[in-house]
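Q: Based on the hints, put chain B in the right spot on chain A.
Number of protein chains: 2
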Amino acid sequence: MSGASFNCLSALSHTLQKQITSKRVSVGVIGSGNWGTAIAKICGENAKAHPDLFNPQVHMWMYEENIDHHGETRKLTDVFNSTHENVKYLKGIQCPSNVYANPDIRDVGARSDILVWVLPHQFVVRVCDQLKGYLKKDAVAISCIKGISVNADHVCLFSDIIQERTGMYCGVLSGANIASEVAKEKFCETTIGYDPDRSVNPLYTAETIHSLFNRPYFRVQIVKDVPGVALGGALKNIVAVAAGIIDGLELGDNTKSAIMRIGLAEMQKFGAMFFDCDRLTMSEQSCGIADLITTCLGGRNRKCAVAFAKTGKPMHVLEKELLNGQKLQGATTAKEVHEFLDHQNKVDEFPLFKAVYDIVYEGLPANKLLEAI
Amino acid sequence: MSGASFNCLSALSHTLQKQITSKRVSVGVIGSGNWGTAIAKICGENAKAHPDLFNPQVHMWMYEENIDHHGETRKLTDVFNSTHENVKYLKGIQCPSNVYANPDIRDVGARSDILVWVLPHQFVVRVCDQLKGYLKKDAVAISCIKGISVNADHVCLFSDIIQERTGMYCGVLSGANIASEVAKEKFCETTIGYDPDRSVNPLYTAETIHSLFNRPYFRVQIVKDVPGVALGGALKNIVAVAAGIIDGLELGDNTKSAIMRIGLAEMQKFGAMFFDCDRLTMSEQSCGIADLITTCLGGRNRKCAVAFAKTGKPMHVLEKELLNGQKLQGATTAKEVHEFLDHQNKVDEFPLFKAVYDIVYEGLPANKLLEAI
Chain A
1 MSGASFNCLS ALSHTLQKQI TSKRVSVGVI GSGNWGTAIA KICGENAKAH PDLFNPQVHM
61 WMYEENIDHH GETRKLTDVF NSTHENVKYL KGIQCPSNVY ANPDIRDVGA RSDILVWVLP
121 HQFVVRVCDQ LKGYLKKDAV AISCIKGISV NADHVCLFSD IIQERTGMYC GVLSGANIAS
181 EVAKEKFCET TIGYDPDRSV NPLYTAETIH SLFNRPYFRV QIVKDVPGVA LGGALKNIVA
241 VAAGIIDGLE LGDNTKSAIM RIGLAEMQKF GAMFFDCDRL TMSEQSCGIA DLITTCLGGR
301 NRKCAVAFAK TGKPMHVLEK ELLNGQKLQG ATTAKEVHEF LDHQNKVDEF PLFKAVYDIV
361 YEGLPANKLL EAI
Chain B
1001 MSGASFNCLS ALSHTLQKQI TSKRVSVGVI GSGNWGTAIA KICGENAKAH PDLFNPQVHM
1061 WMYEENIDHH GETRKLTDVF NSTHENVKYL KGIQCPSNVY ANPDIRDVGA RSDILVWVLP
1121 HQFVVRVCDQ LKGYLKKDAV AISCIKGISV NADHVCLFSD IIQERTGMYC GVLSGANIAS
1181 EVAKEKFCET TIGYDPDRSV NPLYTAETIH SLFNRPYFRV QIVKDVPGVA LGGALKNIVA
1241 VAAGIIDGLE LGDNTKSAIM RIGLAEMQKF GAMFFDCDRL TMSEQSCGIA DLITTCLGGR
1301 NRKCAVAFAK TGKPMHVLEK ELLNGQKLQG ATTAKEVHEF LDHQNKVDEF PLFKAVYDIV
1361 YEGLPANKLL EAI
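So the sequence lines, in the order shown, correspond to chains A and B.
By the numbering used here, the letter at position 313 of the first sequence is numbered 313, and the numbering carries on one by one without gaps.
So the numbering used here is basically just the index in the second sequence, starting at one, shifted up by 1000.
Simulated from the structure, these hints should not be mistaken for lab results.
Take the hints with a grain of salt, since some may be wrong.
Said to hold, decoys possible - Across the chosen pairs, the derived CB separations fall in these ranges: (1) A:Pro120 with B:Glu1085: 20 to 26 Å; (2) A:Phe275 with B:Glu1164: 42 to 48 Å; (3) A:Glu64 with B:Tyr1217: 56 to 62 Å.
Said to hold, decoys possible - With the Cβ distance kept under 8 Å, some of the chain A side facing chain B (calculated, not the full set): (4) Tyr100; (5) Leu251; (6) Ser283; (7) Ala290.
A virtual CB, placed ideally from N, CA and C, is assigned to each residue, including glycine.
Okay, chain A solo, but in the shape it has when bound (with noise of 0.2 Å):
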């Protein structure tokens, strides 16, 4: 079908756009962990759910290994295809039939149209390589991988760097979501930033994606502001250090929340400042203020802060002791930041995210926390 009757049918409403086209869309992700098969568990429901709109078999990639399956040596991809359940990284969840486990990473990007990214960032620029010369052409793919890559004189979004790598236009996933929890269907939102106006493919509209995504259990909205979902998910991580020594020093529940709403404001004025955000994303999207509530409440930020404020020990060693091998986001993030803020001379604007990298890095006393800011 030509670029010119697809910009025709994109003029009709969705309903009509579903009943007249033939061509339906194939989902494929990529990563199988616990968030990967979590995210392809929910496309292959709505794949089946729609079926006017989407094909039914969605390629999960999975990296193939050996496990040890009640005492036998079978793969993984094998296992997940007969029982249905990744016996790895999402014990105990039954994921749809029609959700395939393949470990051609090249297959599931040739077959793809949508093609959603949950996988560890440090991964993403191999597999953009990989994939590279592969995929169709007017595909688009959804990022659902938190954080940002820093460096001195830039911020980088790892849906941007998908973006340019690949040539997809690339959307971003990023709520108050924790995979196990969506996994066992338990209520959250979700925000999905993506402009169909930038998508090179007309039929790809923001119903589609919404249809891809939400589920009565996992509620979807979508905006066009793709950066500040982005952003959301990792600057959130600064705050959570931040309302965890305010918890660690025993401050009460006013303060805490003080504390989140000047780190919301920080994080909204980080988005206006470097990527034209709309301060709305991070104030009302699940994305954001959700995100951060989370976060603030229960995450591995806070604990780690906590445990700062009451011990005196340093972040690295907590997040030895308290982390089991997980990765403190909240510190790395506010050094990364910090760095960059410093480059841009506009430290001083963010004092808050300036004090988190004070204390954590620099020896600033955590009670001087709300002196600083």
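A: Below, chain B without anything else, positioned relative to chain A:
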């Protein structure tokens, strides 16, 4: 000084105005409960800190009562004025010596250029009537009274009641503030809704109001949206009931933050629909998001709702069992707001408010909350 010369002065800078005006502002506080005394303490500290702006003595109306003080029967005002401690309602907190407890409410009213109202809402109308005819013509009021007065066809703010019954322009102070914590100078923020353009007296600029309330431990933001500030402190209690139900059902932090986000959006919608509020007052100010967070973390509405979801006991029983004589505003507000919305034929546009009402009053099971929104 004539109105014309005041108008002239108002065009000059605040600093210049401070230098050339000989008139210093007299401040009075109506109320001396725990919040009233904490607010009088703040005003007293700031009257001392800004002798160019304020008359040093702050009169605080104290309802006269006899108390037992170290085995002796004494008047509460006498004890306060000799010890500077409100031994009955804010024990252990030292107020500055320039706060004077005055048992004559009309004398306090007659002396004050800025009159701060901090008393239980059920006394507002009576006090307005007592003060009528005794107030300065160009005085302004700041209401620190939380809550709204709702009946089927009208939502009334206490600031409006004060304004209508006394003729004073009335702003509103509200935020994530607990009297005992503010009194102990634990850091928090607050929002004051105050529009100097609507005040009859241009001397009382936003800067003057800021100088009267802002302390290093009590950070003030001023916005023009008076109803938004007033509504936040009332509507948050409905959301806190919903958040408590989620906690009681042990659905986790992501579900809770989603409920808080959805609740915040209904608070914004209510404010916009009936009072033309600025949405940012709810989503970015202490009186909105910060107060909501505090209330959903640890307030009494949440506490009762947790027990309600766990035990199924009626709210009025739990109120008696758990709140030690305090009122559960969340349930009452949910009912009043429901009746008002019903009368406006708008119930269905506020599914979370409706669900809380249905659960507390109409027997909807607590575990149906998520389906209902």
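Q: Interface hint check: A:Tyr100, Cβ to nearest Cβ on chain B, cutoff 8 Å. Holds or violated?
A: violated (28 Å)
Q: For A:Phe275 and B:Glu1164, compare the CB-CB distance with the range 42 to 48 Å and indicate the outcome.
A: Distance hint for A:Phe275, B:Glu1164 holds at roughly 47 Å.
Q: Note whether the CB distance of A:Pro120 and B:Glu1085 lies within 20 to 26 Å or breaks it.
A: violated (59 Å)
Q: For the hint on A:Ala290, does the least C-beta distance to chain B fall short of 8 Å?
A: holds (4 Å)
Q: If I claimed the Cβ atoms of A:Glu64 and B:Tyr1217 lie 56 to 62 Å apart, would that claim hold in this structure?
A: Check passed, 59 Å falls within 56 to 62 Å.
Q: For the restraint on A:Ser283, tell me whether the closest CB of chain B is nearer than 8 Å.
A: At about 4 Å, which falls below the 8 Å cut-off, the nearest Cβ of chain B leaves the hint on A:Ser283 intact, so it holds.
Q: Could you check if A:Leu251 really has its C-beta closer than 8 Å to a C-beta on chain B?
A: Cβ of A:Leu251 sits 6 Å from chain B, so the hint holds.
This entry does not satisfy hints 1, 4, going by the numbered hints stated previously.
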